[in-house]
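Q: Add chains B and C to chain A, keeping to what the hints say.
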Amino acid sequence: MKETIIEKVKDLFEDSRIEAFLGLKEENGQIGPYLFTDPKDLEGFSLGDKEWPGDKRYPLSKILIALAQKYPENRFGILVRGCDERALNELFKWNQLNEEHVVMVGFPCPQELAEACECPKPYPESLVVGEKVKGIKSKKVEVILNMGMEGRLKYWTERFSRCIKCYGCRNVCPVCFCNECELANDDLIPSGEIPPENPIFHLVRAAHMAGRCIDCGLCEEACPVGIPLRTLYKKVADIVDSEFGYRPGYQKDQKSPFNILGERPED
Amino acid sequence: MTAKRIRFLKEFLSFSGIEPDRLRLEWVSSAEATRFVEVITDFIDQVKELGPSPLKAALAAQDLN
Amino acid sequence: MQLKHVLTICPYCGCGCGIYLEVLDGEIIRTIPSKTSPVNQGRLCIKGWSAHEFVVSPKRLKRPYLRKQEKLHEASWDEVLDFTASRLREIREKHGPDSIAFLASAKCTNEENYLLQKLARAAIGTNNIDHCARL
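Protein chains in written order, with the numbering used here: chain A, 16 to 282; chain B, 2 to 66; chain C, 3 to 137.
Keep in mind the hints are simulated off the structure, nothing from the lab.
Hints are supplied without guarantee of correctness; some may be wrong.
Covered stretches of chain C (chain A as the covering partner; in silico rule of three or more C-beta atoms under 8 Å from a C-beta of chain A) [unchecked claim]:
hint : stretch
1    : 25-33
2    : 43-52
Listed next, with one range per pair, are the computed distances between beta-carbon atoms [claimed, not checked]:
hint : chain 1 : residue 1 : chain 2 : residue 2 : range
3    : B       : E27       : A       : E42       : 32 to 38 Å
4    : A       : K149      : C       : N112      : 47 to 53 Å
5    : C       : A108      : A       : K149      : 54 to 60 Å
6    : C       : L68       : A       : C193      : 41 to 47 Å
7    : A       : D201      : C       : K73       : 29 to 35 Å
8    : C       : Y67       : A       : K17       : 51 to 57 Å
9    : A       : K149      : B       : R36       : 51 to 57 Å
10   : B       : A61       : A       : K17       : 52 to 58 Å
11   : A       : V144      : B       : M2        : 41 to 47 Å
12   : A       : E208      : C       : K70       : 35 to 41 Å
13   : C       : S88       : B       : A61       : 54 to 60 Å
14   : A       : Q266      : B       : A58       : 39 to 45 Å
What you are looking at is a predicted structure, and each value in this text was computed from that prediction instead of being measured.
Where a beta carbon is used, it is the ideal one built from N, C-alpha and C, also for glycine.
Here chain A stands alone, though its shape is the one from the complex (with noise of 0.2 Å):
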């Protein structure tokens, strides 16, 4: 699979459709993201998989901002899965990267990865190689719906109480580009204080995920104390479809229902 994606890659350096390649590098066992600018630099290139697939993803498309915003003129490619390619598309709707200028390569996740992620869709529409691998329906999900009302609670005060406010959920989400962060302002939520407001801080940070979440799975694997955090954007992903018919990442002419003002809904 990699080889079929590093001679993509190289063919679309070669007929110039693009400058830069933004992808994963090995080097001396480290996996960590790499700027490719010249297809001979492919040699150590990575698909983020060591010890079980997948298990050094990068934010990739988050990279990519900084990148465009300073070479706005200039093409990329990018290495997508199938969670990446959903959060450009929603990066392309908020306007913070130029769709024309960023040629996606994506490759399937193996079953074993979706199965582990709970993905709906774990593969890319810009599929340059493999086959499309079947979608699962998250069970996680349906444990937590199945303790409650008192045992959620229970549940979810317990994860956040263990929160260091590392931010990390935040800092690595590719769909999280706000310059000026609620959570960072100082009148809501006071520096200094750890956990933060419980259960306020993540419960507004997923509030925000709302039509914007596209379920990498980053944020929970960012976090180093282990809150189920992709489990709860889920939830909020299943709320906003089942509500207003929209998941993000998934239909590129449809905008959040959060971002455009609508009728009001009836009672």
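A: Only chains B and C this time, still in chain A's reference frame:
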């Protein structure tokens, strides 16, 4: 927009373990004083019926651990 | 156009979390936790996440200063070192070595911290040495 957010929040509060009936959206004009009183009184009754917020107890239980 | 992700170690404490410093055309713009680091496995605390910020902070001291009459004045290294040495000697002679304490920093190298404790123990003669990152 607010109506949309409330629709979302009701479901979301329930998933977080907080009774969604503690949240209500009503449209009251500044000219509708009587209606304002009605709405508030009704909501106070509703919250009283629900009793104290379970959040306080849940957080207190957390501090004990 | 040059974007580099430089693998390094978080400078803040003794844990030694692996981080990537994102450097765009020579300017550090972000810290990203390394997922391959066995120490932090892609996670960081708030200090680690902002590990790059002090580099370009306007509050950062870049030259030696000397405080004269409550005010900071720019001074040469020779001047400040002479002043510090003579004052430390004066204090030691007047009040004894334990009237002086040393605070080392996690932002220094191991070797620099070694030298500071050497200065404290051998030159001044006190065990009053501590570190901002004692955990």
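Q: Check the structure against each numbered hint from earlier and tell me which ones fail, lowest number first.
A: Those not satisfied are hints 3 and 5.
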